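I would like the entire structure built from these sequences, with the hints used as guidance.
There are 2 protein chains.
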Amino acid sequence: MNKSTNIVWHQSSVKKADRENLNNHKSAVLWFTGLSGSGKSTLSSALESELFSIGTHTYRLDGDNVRHGLNKNLGFSPEDRTENIRRIGEVSKLMVDAGLITLTAFISPYREDRDRVRATLAQGEFIEIYVKCSLDICEVRDPKGLYKKVRLGEINNFTGIDAPYEEPLHPEIIVDTENQTLEESVQMIIQYLKEMQYIKGTS
Amino acid sequence: MNKSTNIVWHQSSVKKADRENLNNHKSAVLWFTGLSGSGKSTLSSALESELFSIGTHTYRLDGDNVRHGLNKNLGFSPEDRTENIRRIGEVSKLMVDAGLITLTAFISPYREDRDRVRATLAQGEFIEIYVKCSLDICEVRDPKGLYKKVRLGEINNFTGIDAPYEEPLHPEIIVDTENQTLEESVQMIIQYLKEMQYIKGTS
Numbered sequence: 001m002n003k004s005t006n007i008v009w010h011q012s013s014v015k016k017a018d019r020e021n022l023n024n025h026k027s028a029v030l031w032f033t034g035l036s037g038s039g040k041s042t043l044s045s046a047l048e049s050e051l052f053s054i055g056t057h058t059y060r061l062d063g064d065n066v067r068h069g070l071n072k073n074l075g076f077s078p079e080d081r082t083e084n085i086r087r088i089g090e091v092s093k094l095m096v097d098a099g100l101i102t103l104t105a106f107i108s109p110y111r112e113d114r115d116r117v118r119a120t121l122a123q124g125e126f127i128e129i130y131v132k133c134s135l136d137i138c139e140v141r142d143p144k145g146l147y148k149k150v151r152l153g154e155i156n157n158f159t160g161i162d163a164p165y166e167e168p169l170h171p172e173i174i175v176d177t178e179n180q181t182l183e184e185s186v187q188m189i190i191q192y193l194k195e196m197q198y199i200k201g202t203s
Numbered sequence: 001m002n003k004s005t006n007i008v009w010h011q012s013s014v015k016k017a018d019r020e021n022l023n024n025h026k027s028a029v030l031w032f033t034g035l036s037g038s039g040k041s042t043l044s045s046a047l048e049s050e051l052f053s054i055g056t057h058t059y060r061l062d063g064d065n066v067r068h069g070l071n072k073n074l075g076f077s078p079e080d081r082t083e084n085i086r087r088i089g090e091v092s093k094l095m096v097d098a099g100l101i102t103l104t105a106f107i108s109p110y111r112e113d114r115d116r117v118r119a120t121l122a123q124g125e126f127i128e129i130y131v132k133c134s135l136d137i138c139e140v141r142d143p144k145g146l147y148k149k150v151r152l153g154e155i156n157n158f159t160g161i162d163a164p165y166e167e168p169l170h171p172e173i174i175v176d177t178e179n180q181t182l183e184e185s186v187q188m189i190i191q192y193l194k195e196m197q198y199i200k201g202t203s
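The listed protein sequences derive, respectively, from chains V and S. Each residue of the first sequence is one higher than the one before, starting from 1 at the first, in full-length UniProt numbering. Each residue of the second sequence is one higher than the one before, starting from 1 at the first, in full-length UniProt numbering.
In case anyone wonders, no lab produced these hints; they're calculated from the structure. Values in this document were obtained by computation on a predicted structure and should not be read as measured data. Any given hint could be a false lead.
Identical chains blur together in the list; that is why a pair holds if it fits in one copy or across any two.
Mimicking DSS-like on lysine-lysine, the simulated pairs with C-alpha atoms at most 27 Å apart in a straight line are [stated by the list, open to error]:
1. K144 to K72
2. K144 to K132
3. K149 to K132
4. K26 to K200
5. K148 to K72
6. K200 to K16
7. K16 to K144
8. K16 to K72
9. K194 to K15
10. K194 to K132
11. K15 to K72
12. K15 to K144
13. K148 to K132
14. K149 to K72
Below you can see the structure in the form of structure tokens.
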């Protein structure tokens with residue numbers, strides 16, 4: 001029967017640019033990196049709320065929705081940490097292709113791992129945001145009580161203590177959460193997104 | 001300094017329901033399963049175009065964007081096939097959470113693998129679409145020339161030939177691409193999505 005054999009095999013005709021038009025903004029990854037307690041979760045979460053309130057289509061990847069799902073079969077060995085970031089990068093890439101402004105909130109301590117993610121994305125699709133805060137202040141904040149456990153010897157290989165954190169060399173944005181308020185940090189990133197024309201704005 | 005220590009630590013306040021409101025439709029996975037050549041790619045691609053044309057926010061996962069990226073470190077052993085489907089399921093779950101109608105086009109031959117994905121999602125979020133077509137017709141179509149290679153002995157463990165395909169027992173939708181035109185199949189799924197109120201419609 002004709003019906004069954006004359007199917008036209010074709011590629012999906014819906015492209016990233018079409019989705020960006022539908023959404024009325026561009027897509028990109030906002031890759032937050034910094035020490036535990038530097039403010040990645042708080043800042044990315046507040047930023048997402050702000051972006052959503054102005055009609056932006058977003059998604060935020062963090063330990064909660066990734067470590068218990070996609071990456072639940074990964075541990076904390078160096079190889080697994082690298083694979084963890086690789087998968088998060090690949091999912092971000094798919095989400096950017098889907099037209100979303102994707103926010104990722106992971107310590108992601110290794111420069112090489114972050115740069116590998118950057119390399120899989122097109123120019124302008126990877127926005128590295130260094131959430132800068134001294135180790136001392138991070139330890140005072142200790143939102144998850146992790147530094148306390150480290151000092152008690154209950155956790156090893158902890159970034160900033162007995163495992164390295166490699167600062168970004170050329171991040172698109174540096175947010176200093178020691179000296180900026182949360183609102184100032186959010187507005188700094190919103191301003192960047194407007195100036196670089198990811199989102200529309202009058203300011 | 002107060003600034004650095006009084007940060008309020010909170011969860012993201014943007015939820016799936018908020019995204020669905022912004023998008024003006026519900027999110028779900030449309031999980032296409034069927035033999036190679038049954039029409040999964042063609043149908044899911046045509047459906048995505050149709051959904052996009054009525055303003056739906058979608059994304060389609062297929063071999064092209066998954067096998068070369070997220071799952072490029074997986075082969076075709078039974079364990080790797082299962083891990084392949086697991087990761088696709090987890091990414092679909094994230095995309096549903098992001099408010100997208102997510103279409104997946106993979107043979108996904110094992111009932112257990114598909115049911116495991118269904119189990120990770122909430123009631124109504126997993127819509128299994130069995131793309132039904134006899135092996136004979138699939139082999140006549142042979143859009144990628146794979147059946148030919150199998151018959152020449154160049155490929156082993158090929159679904160339907162020397163590896164099993166387990167038909168869905170209770171799929172939400174069965175599309176018979178041997179006896180339905182592409183347009184009929186697309187409309188059948190659109191109709192389902194309207195009737196079940198995933199998308200709005202007058203019909």
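Hints and how they fare:
For a Cα distance limit of 27 Å, the shortest separation of K144 from K72 inside one copy, 20 Å, qualifies, whereas the shortest one across copies, 34 Å, does not. In this assembly of identical chains, the alpha carbons of K144 and K132 lie at most 27 Å apart only when taken from the same copy (18 Å versus 51 Å across copies). When the C-alpha separation of K149 and K132 is checked against a cutoff of 27 Å, the pair qualifies only within one copy, where the shortest distance is 22 Å, while the shortest distance between copies is 55 Å. In the homo-oligomer, the alpha carbons of K26 and K200 lie at most 27 Å apart both inside one protomer (9 Å) and across protomers (26 Å), since each shortest distance falls under that limit.
In this assembly of identical chains, the alpha carbons of K148 and K72 lie at most 27 Å apart only when taken from the same copy (25 Å versus 39 Å across copies). In this assembly of identical chains, K200 and K16 lie within 27 Å of each other by CA distance both inside one copy and across copies; the values are 18 Å within and 24 Å between. In this homomeric assembly, K16 and K144 come within 27 Å of each other (Cα to Cα) only across copies, at 25 Å, whereas the closest approach inside a single copy is 38 Å. For the homomeric pair K16 and K72, the shortest alpha-carbon distance between copies (22 Å) is at most 27 Å, but the shortest distance inside one copy (29 Å) is not.
For the homomeric pair K194 and K15, the shortest alpha-carbon distances inside one copy (23 Å) and between copies (24 Å) are both at most 27 Å. For the homomeric pair K194 and K132, the shortest alpha-carbon distance inside one copy (22 Å) is at most 27 Å, but the shortest distance between copies (48 Å) is not. Taking the shortest alpha-carbon separations for K15 and K72, only the inter-copy value of 22 Å comes in at or below 27 Å, while the best intra-copy value is 31 Å. Within a single copy, K15 and K144 get their C-alpha atoms only as close as 41 Å, which misses the 27 Å cut-off; across copies the closest is 23 Å, which meets it.
Taking the shortest alpha-carbon separations for K148 and K132, only the intra-copy value of 21 Å comes in at or below 27 Å, while the best inter-copy value is 58 Å. In this assembly of identical chains, the alpha carbons of K149 and K72 lie at most 27 Å apart only when taken from the same copy (22 Å versus 37 Å across copies).
Checked against the numbered hints listed earlier, the structure breaks none of them; every hint is satisfied.
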